[in-house]
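*Asks:* The residues making up each chain are set out below.
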Amino acid sequence: MGNVLIYGEHAGGNIPKATAVAVSAAQQIAAASGGDTILALLGNDLGGLKDAAAQLGATKVVYVESADLEHETADIRTLTMKAVAEATGSDTVVFAATTAGKDIAPRLAAATEAGIASDLTGVNDDGTFIRPMYAGNVFATVKLESDFKVVSVRTTAFEPLEGAAASASEDLSLSIEKPGNAVEFVKLDATVSDRPVLTEAERVVAGGRGLKSGENFTTVLEPLVDALGAAMGASRAAVDAGYVPNDLQVGQTGKVIAPTLYIGVGISGAIQHLAGMKDSKVIVAINKDAEAPIFSVADFGLVADLFEAVPELTEKVKSLA
Amino acid sequence: MKILVTAKRVPDPETSIKVNADGTGIEEAGIKWVVNPFDEIAIEQALQIKEAQGEAEVVIVSVGSSDSQEQLRTGLAMGADRAILVSADNPDPTGVSRILEKIVEKESPDLVIMGKQAIDDDSNEVGQMLAQRLGWPQATFISELELADGGGSATCVREIDGGLETLSFPLPAVITADLRLNEPRYASLPGIMKARKKPMEEIDAASLGIELGRLCTIVGVEPPPERAAGRVVENVDELIAALQSEAKVL
Numbered sequence: 001m002g003n004v005l006i007y008g009e010h011a012g013g014n015i016p017k018a019t020a021v022a023v024s025a026a027q028q029i030a031a032a033s034g035g036d037t038i039l040a041l042l043g044n045d046l047g048g049l050k051d052a053a054a055q056l057g058a059t060k061v062v063y064v065e066s067a068d069l070e071h072e073t074a075d076i077r078t079l080t081m082k083a084v085a086e087a088t089g090s091d092t093v094v095f096a097a098t099t100a101g102k103d104i105a106p107r108l109a110a111a112t113e114a115g116i117a118s119d120l121t122g123v124n125d126d127g128t129f130i131r132p133m134y135a136g137n138v139f140a141t142v143k144l145e146s147d148f149k150v151v152s153v154r155t156t157a158f159e160p161l162e163g164a165a166a167s168a169s170e171d172l173s174l175s176i177e178k179p180g181n182a183v184e185f186v187k188l189d190a191t192v193s194d195r196p197v198l199t200e201a202e203r204v205v206a207g208g209r210g211l212k213s214g215e216n217f218t219t220v221l222e223p224l225v226d227a228l229g230a231a232m233g234a235s236r237a238a239v240d241a242g243y244v245p246n247d248l249q250v251g252q253t254g255k256v257i258a259p260t261l262y263i264g265v266g267i268s269g270a271i272q273h274l275a276g277m278k279d280s281k282v283i284v285a286i287n288k289d290a291e292a293p294i295f296s297v298a299d300f301g302l303v304a305d306l307f308e309a310v311p312e313l314t315e316k317v318k319s320l321a
Numbered sequence: 001m002k003i004l005v006t007a008k009r010v011p012d013p014e015t016s017i018k019v020n021a022d023g024t025g026i027e028e029a030g031i032k033w034v035v036n037p038f039d040e041i042a043i044e045q046a047l048q049i050k051e052a053q054g055e056a057e058v059v060i061v062s063v064g065s066s067d068s069q070e071q072l073r074t075g076l077a078m079g080a081d082r083a084i085l086v087s088a089d090n091p092d093p094t095g096v097s098r099i100l101e102k103i104v105e106k107e108s109p110d111l112v113i114m115g116k117q118a119i120d121d122d123s124n125e126v127g128q129m130l131a132q133r134l135g136w137p138q139a140t141f142i143s144e145l146e147l148a149d150g151g152g153s154a155t156c157v158r159e160i161d162g163g164l165e166t167l168s169f170p171l172p173a174v175i176t177a178d179l180r181l182n183e184p185r186y187a188s189l190p191g192i193m194k195a196r197k198k199p200m201e202e203i204d205a206a207s208l209g210i211e212l213g214r215l216c217t218i219v220g221v222e223p224p225p226e227r228a229a230g231r232v233v234e235n236v237d238e239l240i241a242a243l244q245s246e247a248k249v250l
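Quick mapping for you: the protein sequence lines, in order, are chains D and E.
Its first residue numbered 1, the first sequence is counted upward by one per residue in the working numbering.
Its first residue numbered 1, the second sequence is counted upward by one per residue in the working numbering.
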């Protein structure tokens, strides 16, 4: 059997948890097939990332450095990953189901005529995979019928490997020609926040349309977010109403999260929002409407006016510290 | 300028979805079917380009059963010029991308706009696959689109995990729409009347000379695991006590 190649996502000189999770999922796949796990790092000047990547538990780290790989554009990276898969004897490529992974993985599948399964939440011993459909209302067992396979894995569904031995590294010295109609990177307006990253946070406080305004997100919700050291999220309704930017959106069409503690404030719990948070370990709902669907998934529900309950909760959480 | 857009027939996002009795798919009785909401955004974008340019043709494609005529009519009523229904028996995203590649070869559009994902299988794959098959640039999850050079190139803003990324590229290209790109219009009554007379071509996928067997087969489906029933707490103090002593997360 062939090896399992992992796309080593990195940003701003760091390797996110998503990449460690992809290595972990790749090891489950390799355990069934008997191959090695190989982590591929693509970039311009990788520097210290090579050492960081060697700590994630893959059998081996391979890297490709080129000025054309400075940015995460799908066209050149697809061609590069295809060449890396060939050079490493890999027959499966694993991506994290981040926006970068979702951008590149299907393109690689088409380039290699591979079967693809996206956003996996489970890997079975018989080589089949589990993936959610219909906003998480259905979980399908799927089988890829091709020899070469591409998958992306949901970052909240797997745990990073712990205590892994350092991997060997190899520079593949591949040179990939950039297509004539290649996409050009113009700029990145990075979200700047002192809070934890939404998809990696242990605690998330999310607000919905019940907050009634963007200003109330700042004056009512944010003090609780910061008292808990949490990340802030929002429902699509709050995003559509223009209260907060879309990168805070939790749900089928936004980010999927699974923190230890999720507190939903003024969120009714539309199907598509529940799809993004119902794997959280402990779910708290604060809503004045006792009939709100979010109470059906909540471990603890507080039927109350959020404009009274949230400030009270904030003060009492602060006094615990 | 010619723009190709897609319209997949999917269950209304507000519909309650249940697994069917034999665990092969979903219970379809009583479902209201709509245009995939992300495809609606793609159609709206194409119409806005047409309106801005004065002269452009918007062609709308659906791959599926003859029932998808309903979704194509919706797109025509919004303002698309003509429709193509490719009849195919439940192809996977790979199959759909192969079909669309053939339609693009036939139609030679300058731009393909699709929804970033369909809300039934949530795959988020076809646009990227189509771009690769055609050897075209792609911009996925876009929230802004600007055409330049008389429609010869485009600049897009993408909604990515770390913020907003701006890319530029020559056309033809494939772009996939995220939520913020626009607010899709409703079909007007005159639009609905006009749509009845607009051309709808039907093509049998089997006539396209491509491999349509699924590379990703569905072995079975199950409902999601149930969460243990929670309880209602009376006040903030009780909530804090529960989070500290029962859940041990504070």
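These are calculated hints, taken from the structure and not from any lab test.
It is possible that some hints are incorrect.
Stated by the list, open to error - No more than 27 angstroms apart at the CA atoms, straight line, and that leaves these computed lysine-lysine pairs for DSS-like:
1. Lys50(D) <-> Lys17(D)
2. Lys187(D) <-> Lys143(D)
3. Lys2(E) <-> Lys194(E)
4. Lys212(D) <-> Lys143(D)
5. Lys318(D) <-> Lys212(D)
6. Lys18(E) <-> Lys281(D)
7. Lys248(E) <-> Lys288(D)
8. Lys50(D) <-> Lys143(D)
9. Lys17(D) <-> Lys187(D)
10. Lys248(E) <-> Lys50(E)
11. Lys2(E) <-> Lys248(E)
12. Lys248(E) <-> Lys316(D)
13. Lys248(E) <-> Lys318(D)
14. Lys248(E) <-> Lys281(D)
15. Lys248(E) <-> Lys32(E)
16. Lys212(D) <-> Lys82(D)
17. Lys198(E) <-> Lys32(E)
18. Lys2(E) <-> Lys32(E)
19. Lys102(E) <-> Lys197(E)
20. Lys178(D) <-> Lys102(E)
21. Lys102(E) <-> Lys82(D)
22. Lys248(E) <-> Lys17(D)
23. Lys60(D) <-> Lys82(D)
24. Lys316(D) <-> Lys212(D)
25. Lys32(E) <-> Lys102(E)
26. Lys197(E) <-> Lys143(D)
27. Lys50(E) <-> Lys106(E)
*Asks:* For each hint, tell me whether it holds in the structure or not.
*Replies:* Tested hints:
1. Using a Cα cut-off of 27 angstroms, the hinted pair Lys50(D) and Lys17(D) holds, with the two alpha carbons roughly 15 angstroms apart.
2. Proposed proximity of Lys187(D) and Lys143(D) is contradicted: the alpha carbons are some 39 angstroms apart, above 27 angstroms.
3. Straight-line distance between C-alpha atoms of Lys2(E) and Lys194(E) comes to about 20 angstroms, which keeps the hinted pair within the 27 angstroms bound.
4. The straight-line distance between the Cα atoms of Lys212(D) and Lys143(D) is roughly 45 angstroms, outside the 27 angstroms bound, and the hint therefore fails.
5. About 25 angstroms separates the Cα atoms of Lys318(D) and Lys212(D), which keeps this hinted pair within 27 angstroms; it holds.
6. Between Lys18(E) and Lys281(D) the CA atoms are separated by roughly 24 angstroms; this keeps the pair inside 27 angstroms, and the hint holds.
7. The hinted pair formed by Lys248(E) and Lys288(D) meets the criterion: a straight-line CA distance of about 25 angstroms does not exceed 27 angstroms.
8. A threshold of 27 angstroms between alpha carbons decides the hint, and for Lys50(D) with Lys143(D) the separation of about 33 angstroms lies outside it, so the pair is violated.
9. Between Lys17(D) and Lys187(D) the CA atoms are separated by roughly 24 angstroms; this keeps the pair inside 27 angstroms, and the hint holds.
10. Simply put, Lys248(E) and Lys50(E) have alpha-carbon atoms about 57 angstroms apart, too far for the 27 angstroms limit, and the pair is violated.
11. About 59 angstroms separates the Cα atoms of Lys2(E) and Lys248(E), which puts this hinted pair outside 27 angstroms; it is violated.
12. Proposed proximity of Lys248(E) and Lys316(D) is supported: the alpha carbons are some 16 angstroms apart, at most 27 angstroms.
13. Restraint check for Lys248(E) and Lys318(D): satisfied, since their Cα atoms lie roughly 17 angstroms apart, inside the 27 angstroms limit.
14. Using a Cα cut-off of 27 angstroms, the hinted pair Lys248(E) and Lys281(D) holds, with the two alpha carbons roughly 11 angstroms apart.
15. For the hint linking Lys248(E) to Lys32(E), the alpha-carbon distance of about 43 angstroms lies beyond 27 angstroms, and the restraint is violated.
16. With a CA separation close to 49 angstroms, the supplied pair Lys212(D) and Lys82(D) exceeds the 27 angstroms bound.
17. Between Lys198(E) and Lys32(E), the direct Cα distance comes to roughly 24 angstroms. Compliance with the 27 angstroms bound is thereby established for this hinted pair.
18. Of the pairs offered as hints, the one joining Lys2(E) and Lys32(E) is violated, with about 31 angstroms between alpha carbons and a cut-off of 27 angstroms exceeded.
19. Distance restraint check for Lys102(E) and Lys197(E): the Cα-Cα separation of roughly 26 angstroms lies within the 27 angstroms cut-off, and the hinted pair is therefore satisfied.
20. Annotation: proposed proximity of Lys178(D) to Lys102(E) holds, straight-line Cα distance about 25 angstroms (limit 27 angstroms).
21. Between Lys102(E) and Lys82(D), the direct Cα distance comes to roughly 24 angstroms. Compliance with the 27 angstroms bound is thereby established for this hinted pair.
22. A hinted pair counts as satisfied when its Cα atoms are at most 27 angstroms apart, and Lys248(E) with Lys17(D) qualifies at roughly 24 angstroms.
23. With a C-alpha separation of about 17 angstroms, the suggested pair Lys60(D) and Lys82(D) falls inside the 27 angstroms cut-off, and the hint holds.
24. Restraint check: the Cα-Cα separation between Lys316(D) and Lys212(D) comes to about 24 angstroms, which is no more than 27 angstroms; the hinted pair holds.
25. The hinted pair formed by Lys32(E) and Lys102(E) fails the criterion: a straight-line CA distance of about 30 angstroms is larger than 27 angstroms.
26. Restraint check for Lys197(E) and Lys143(D): not satisfied, since their Cα atoms lie roughly 43 angstroms apart, outside the 27 angstroms limit.
27. Of the supplied pair hints, the one linking Lys50(E) and Lys106(E) holds, its CA atoms being roughly 21 angstroms apart against a limit of 27 angstroms.
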